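Peer 1: Sequence order for the protein chains is U and F. Residue 11 in this note's numbering is what sits at position 11 of the first sequence, and the numbering runs on without skipping anything. Residue 9 in this note's numbering is what sits at position 9 of the second sequence, and the numbering runs on without skipping anything.
The hints are simulated quantities; they were obtained by calculation from the structure and are not laboratory data. Treat the hints with care, as some may be off.
As the list claims (entries may be wrong) - A few chain U positions that, by computed beta-carbon distances, are all more than 12 Å from chain F: (1) Asn67; (2) Ser79; (3) Leu81; (4) Gln87; (5) Ala89; (6) Pro93; (7) Ser96; (8) Asp104; (9) Val121; (10) Ser136; (11) Ile141; (12) Thr155; (13) Pro197; (14) Lys209; (15) Asp323.
What the hints assert, rightly or not - Simulated restraints, written as ranges between beta carbons of each label pair: (16) F:Asp171 to U:Asp104: 17 to 27 Å; (17) U:Lys263 to F:Glu239: 19 to 29 Å; (18) F:Glu56 to U:Pro355: 54 to 64 Å; (19) F:Asp171 to U:Asp242: 29 to 39 Å; (20) U:Glu304 to F:Lys197: 49 to 59 Å; (21) F:Thr223 to U:Glu304: 22 to 32 Å; (22) U:Ser63 to F:Ile219: 20 to 30 Å; (23) F:Asn89 to U:Glu356: 50 to 60 Å.
Fair warning: this is a prediction, and the values are worked out from it, not measured in the lab. A virtual CB, placed ideally from N, CA and C, is assigned to each residue, including glycine.
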Amino acid sequence: MTRTVLLRALTKNKFVASNAPRSISISISITNLSRCISTLIIAEHESGSIKPQTVSAVVAANSLGENSSISLLLAGSGSSLQEAASQAASCHPSVSEVLVADSDKFEYPLAEPWAKLVDFVRQQGDYSHILASSSSFGKNILPRVAALLDVSPITDVVKILGSDQFIRPIYAGNALCTVRYTGAGPCMLTIRSTSFPVTPITADSESKKATISQIDLSNFKEDSVRKSRYVGSSTQDTERPDLGSARVVITGGRALKSVENFKMIEKLAEKLGGAVGATRAAVDAGYVPNDLQVGQTGKIVAPELYMAFGVSGAIQHLAGIKDSKVIVAVNKDADAPIFQVADYGLVGDLFEVIPELLEKLPEKK
Amino acid sequence: MKILVAVKRVVDYAVKIRVKPDKTGVETQNVKMSMNPFCEIALEEALRIKEAGFAEEVIAVSIGPSQCVDTLRTGLAMGADRGIHVETNSSFLPLTIAKILKSLADVENPGLIFLGKQAIDDDCNQTGQMVAALLGWPQATFASKVVLDKDKNVATVDREVDGGLETLNVDLPAVITTDLRLNQPRYASLPNIMKAKSKPIKKMTVQDLKVDIKSDIEILEVTEPPKRKSGVMVSSVDELIDKLKNEAHVV
Numbered sequence: 001m002t003r004t005v006l007l008r009a010l011t012k013n014k015f016v017a018s019n020a021p022r023s024i025s026i027s028i029s030i031t032n033l034s035r036c037i038s039t040l041i042i043a044e045h046e047s048g049s050i051k052p053q054t055v056s057a058v059v060a061a062n063s064l065g066e067n068s069s070i071s072l073l074l075a076g077s078g079s080s081l082q083e084a085a086s087q088a089a090s091c092h093p094s095v096s097e098v099l100v101a102d103s104d105k106f107e108y109p110l111a112e113p114w115a116k117l118v119d120f121v122r123q124q125g126d127y128s129h130i131l132a133s134s135s136s137f138g139k140n141i142l143p144r145v146a147a148l149l150d151v152s153p154i155t156d157v158v159k160i161l162g163s164d165q166f167i168r169p170i171y172a173g174n175a176l177c178t179v180r181y182t183g184a185g186p187c188m189l190t191i192r193s194t195s196f197p198v199t200p201i202t203a204d205s206e207s208k209k210a211t212i213s214q215i216d217l218s219n220f221k222e223d224s225v226r227k228s229r230y231v232g233s234s235t236q237d238t239e240r241p242d243l244g245s246a247r248v249v250i251t252g253g254r255a256l257k258s259v260e261n262f263k264m265i266e267k268l269a270e271k272l273g274g275a276v277g278a279t280r281a282a283v284d285a286g287y288v289p290n291d292l293q294v295g296q297t298g299k300i301v302a303p304e305l306y307m308a309f310g311v312s313g314a315i316q317h318l319a320g321i322k323d324s325k326v327i328v329a330v331n332k333d334a335d336a337p338i339f340q341v342a343d344y345g346l347v348g349d350l351f352e353v354i355p356e357l358l359e360k361l362p363e364k365k
Numbered sequence: 001m002k003i004l005v006a007v008k009r010v011v012d013y014a015v016k017i018r019v020k021p022d023k024t025g026v027e028t029q030n031v032k033m034s035m036n037p038f039c040e041i042a043l044e045e046a047l048r049i050k051e052a053g054f055a056e057e058v059i060a061v062s063i064g065p066s067q068c069v070d071t072l073r074t075g076l077a078m079g080a081d082r083g084i085h086v087e088t089n090s091s092f093l094p095l096t097i098a099k100i101l102k103s104l105a106d107v108e109n110p111g112l113i114f115l116g117k118q119a120i121d122d123d124c125n126q127t128g129q130m131v132a133a134l135l136g137w138p139q140a141t142f143a144s145k146v147v148l149d150k151d152k153n154v155a156t157v158d159r160e161v162d163g164g165l166e167t168l169n170v171d172l173p174a175v176i177t178t179d180l181r182l183n184q185p186r187y188a189s190l191p192n193i194m195k196a197k198s199k200p201i202k203k204m205t206v207q208d209l210k211v212d213i214k215s216d217i218e219i220l221e222v223t224e225p226p227k228r229k230s231g232v233m234v235s236s237v238d239e240l241i242d243k244l245k246n247e248a249h250v251v
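I would like the entire structure built from these sequences, with the hints used as guidance.
Peer 2: Next up, the structure:
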């Protein structure tokens, strides 16, 4: 607790000193703050390896201040957890510690035991920041933890300006809101992973491995146990790259008209080594499963190349693609709003354009 | 069983918002406001549960300025039995809203609380999870299917998660937040709109509920996102491929 209080005091000083010459106030705050930042990241892992979104959260945590210490919390059970832990230890050079909670209580990502676990770990570690990625997992658990700690969390952070100042999109990304956390408890954030890209790790980081410690759960009390139970899940196994982190995303809208026609989008994605996305309309019409939905309420993507076929460009869809490097739109309707954000637009019938693209595009390298 | 549904009044989803020139927020004066779309879905689900005989009463709650009464009337016209309006002119963080809902739940004792998964203005996606935490109830977020078992007092919920669907069993009372695909909300018919005028809306204040107001996040500024540079229209597939190859270097 003392650490966070100190942190608040320092931040306040920084604010008071903002009239003073800039260089002085900044250098004071950085050197003092950097000692106090200690971040706990709620990590996600699957079949023995850590998810890329979690590594993005590490990248984000790294920009909270210099010399910050970063701990990854992994929970689950059995050998795949231990496997993921050893991978987590070397997933990023700035990870200093991997905490492992091994219990069948955490076999499935149920919010109730997980929130209690994060609180349990926090009581022993005195963290100034608690982070998770803005995935369905992070969004489910982190606010629950925050309420247990009586803290207001900050969702979907896209930029970190300092240890207590953040930018997040509101109104489906049509406005950016800069906020300052002024509370006394740990600062809790979910991180938009596309805004914190993971740079490939160089060879020398191989030697730097974080320590792995098992959390002693003998004092872990979980009164809400068995109030919720995992029944099952259906996941789409796909050979294609993950939508959230793909270099190329090819998206189809309602204009595809059928499941069969949507296969053209899939073919094009295969040819370009990309992932397939869809608009809400295409998902609602049943052309593709809902986890391919791109937009405010679906996945947020930021690929190098985003191609939209038969997508009108509703606000909620644009919110999910705005940060793509190059946007290509193909639509019959020359007035479709998607053309306002497209770098390259082609007015045409997608049933003619896609086959032509398939034929003429160079094979992927 | 009673069902409590939280509904929020927000800028209509079809409105193109404008950031205020002084960067303090988004223009909401003289802008069309409506019920948050996810809240409509939450209310619709509660009404369907009542119609299926699993619940006796659906209570709609809204927290905010006097105009929230319009939002509540919309909810009553859809079929909610009564409304509770917690009137305030301050805009609260989700944590405070969650505390208000918790104290209402302590009074009303609902078997289920429905909320939308997020409000389309602040895009927080927090309130439902926080209410569940404060009450110590289980949560089922991003629901796309809800099946109740009255005998066992259990809800089976399909959740939309990254990579597919997940199914949970939660003991009641529980908090459920709704995703877009849960249902298609009904339109209120004219007779029902008329009927809604005579349904009760209870006014309350934050003081009545003895909620401690947490304001640990300060908004420093609200700005417009950077504009994308305007693009070009190409006239053929060949030109498009040429541009992608030689100008953008992405294929």
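Peer 1: Check the following: the C-beta atoms of F:Asp171 and U:Asp104 are separated by a distance inside 17 to 27 Å.
Peer 2: 19 Å, holds
Peer 1: Looking at U:Lys209 again, its CB stays over 12 Å from all of chain F?
Peer 2: 28 Å, holds
Peer 1: Check the non-interface label on U:Pro93: least C-beta distance to chain F beyond 12 Å or not.
Peer 2: Given a closest Cβ separation of 27 Å, the condition holds.
Peer 1: Is the Cβ of U:Asp323 more than 12 Å away from each Cβ in chain F?
Peer 2: 9 Å, violated
Peer 1: Would you say U:Gln87 is clear of chain F, with no C-beta pair closer than or equal to 12 Å?
Peer 2: Label holds. Min Cβ-Cβ 19 Å, cutoff 12 Å.
Peer 1: Against chain F, does U:Ser136 keep a CB gap of more than 12 Å to every residue?
Peer 2: 4 Å, violated
Peer 1: Hint says 54 to 64 Å; check whether the CB-CB distance for F:Glu56 and U:Pro355 agrees.
Peer 2: 58 Å, holds
Peer 1: Beyond 12 Å from every Cβ of chain F: is that where the Cβ of U:Leu81 lies?
Peer 2: 19 Å, holds
Peer 1: Take a quick look at U:Val121 and tell me if its Cβ sits farther than 12 Å from every Cβ on chain F, holds or violated.
Peer 2: 16 Å, holds
Peer 1: Do F:Asn89 and U:Glu356 keep their Cβ atoms within the hinted range of 50 to 60 Å?
Peer 2: 58 Å, holds
Peer 1: A cut-off of 12 Å on Cβ-Cβ distance, and U:Thr155 was said to be off the interface with chain F. Does that hold?
Peer 2: 5 Å, violated
Peer 1: Starting from the hint 49 to 59 Å, judge whether the C-beta atoms of U:Glu304 and F:Lys197 obey it.
Peer 2: Between U:Glu304 and F:Lys197, where Cβ atoms are some 56 Å apart, the hint holds.
When each numbered hint is compared with the structure, violations occur for hints 10, 11, 12, 15.
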